[in-house]
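Enquirer: Construct the entire structure; sequences and hints are all you get.
So the chains spell out like this:
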Amino acid sequence: MSGIVVIGAGQAGCALVAKLRALDHDGPLTLLGAEPHPPYQRPPLSKKYLLGEMPRERLFLRPEAFYADQGITLRTGCAPDAIDRAARCVRIGDERLPYDQLVLTTGATPRRLPNMIGGGLDGVFTLRGIADVDALAPRMRPGARLLVVGGGYIGLEAAAVARGLGLQVTLIEAAPRILQRVAAPETSDYFRALHRAHGVDLREGTGLARLLGAGHVTGAELSDGSRVEADLVLAGIGVAPNVALAEAAGLPLDNGIAVDKLGRTGDPHIWAAGDCASFPWRDTRVRMESVQNAIDMAECVATNLLGAQTPYDPQPWFWSDQYDTKLQIAGLNAGYTRVVARPGARAGSLSHWYYAGDRLIALDAMNDPRAYMIGRRLLARDTSPDPALLAAPETDLKALAAA
Amino acid sequence: MVKITYIEHDGTTHALDLAEGLTVMEGGRDNGVEGIVAECGGACACSTCHVYVAPDWVDRLPPMDPMEEDMLDFAPGSDPARSRLSCQLKITAALDGLVVEVPEEQA
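As you go down the protein sequences, you meet chains A and B in turn.
Taken in order, the first sequence gives residues 1 to 403; the numbers are from full-length UniProt numbering.
Taken in order, the second sequence gives residues 1 to 107; the numbers are from full-length UniProt numbering.
You may find that some hints are simply not true.
Selected chain A positions facing chain B (Cβ under 8 Å, derived; list incomplete) [what the hints assert, rightly or not]: (1) PRO44; (2) GLN292; (3) ILE295.
FYI, nobody ran anything at the bench for these hints, they're computed from the structure.
Quick caveat, the model's predicted, so the values are computed rather than measured.
C-beta: ideal position from N, C-alpha, C; glycine also.
Expert: Here it is in structure tokens:
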């Protein structure tokens, strides 16, 4: 009995091994992580940890003793070289680690700015792991000039932290608006106004031509020909799923490691979950980058590893903290045809509800947890309130959910 | 150390001595209390660390901020009299002896 081997000790890998033990699985269980830390939460990295308000130990998803207590072999600083499907083992240097079942929870890696436009200069960062923040945070000194490339969640959250720390911040987004890939124009408008009110020089429809400097970055030339000075550059231009091991092993890929509804790859002994995996959902195939997906997909795969046949059917949700605004998202808005805005009960609270035709598919709630909680409930039941009712501030949300 | 007692839905009781500075959520999660899920890790974003506070403790806890109040207002199984999000309860000496119950389900 070789047991279950899990490659990737992030949120998904941790949730998977914990779930297996919670389900009373008592076979050998090995979790391999490339980083030197036990599994940890990534969301605070671009928020409280970057701000210096959270010690490292509080990032850990489980106390370090948990793994030994549960009979889980956690190997940190361990990056496998290959998967040998025929021999059913993982190659780590000269070692052959056999498996009965293998799970890939390998996560994703931030895209870097190409070296040919200065991406290799000192002072240029990405933000994904503890090491990234430990390198960046000491340089986030008041008065320093930060250029954020990319107006997605990582870039916007880092910009908010940087303003809080007293840096001068310029944020550029090549697309016509920030959050274009993930949110409606109404939500982009909200966050644009928020960042400008906090003093961010936010420029949309503006790409990066090249970074300037010899050795250390000193600034950037933008796509409109203008120049900005910068002491630090943070690239928040998306991530690529970590598929190298799967690809080399000949497993099917499709915007990530392609799995079926159960989470199984093209090899019946190999599974995948979390940011690295794409799966069939409704009429399409999706890959999600979120804590919710990492946990829920990993837990679903854990049950299926033990013989269940449970299709993964997520109820997506997500959050972001920027300044004093908490954004909570439920559902996936892909394919929306209409957005309904609803002011919240408290000053400054607001929600945007996405419809595809008559069907409610998602919402963004800004400092409006009531709307978020009701929206989740409506989405879970696939119930779509009349948009006109929803838009009317006097409509009682609780009554909508009870209907 | 601060003594906090967690009662799981099936009655399993954990009487824990916890360090100040953590949250009630972290104290439960780190010691294997079933039902303290805390998917968002303590960001007051998900409500899966919901607990019921023992009645005699309700008025001795720091008040809720609007975010916590609104999350709980619509959380499943929420009891307006004694529901709290345990990620928002920082462990201090004033909490010594606190008893919380974990709901059957978190959502």
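Enquirer: Restraint: PRO44 of chain A near chain B, CB-CB cut 8 Å. Satisfied or not?
Expert: holds (7 Å)
Enquirer: Given GLN292 of chain A as an interface hint, is the shortest Cβ-Cβ distance to chain B below 8 Å?
Expert: Status holds, d = 7 Å.
Enquirer: With a cut-off of 8 Å, does the beta carbon of ILE295 of chain A approach a beta carbon of chain B closely enough for the hint to hold?
Expert: holds (6 Å)
Of the numbered hints given earlier, the model fails none.
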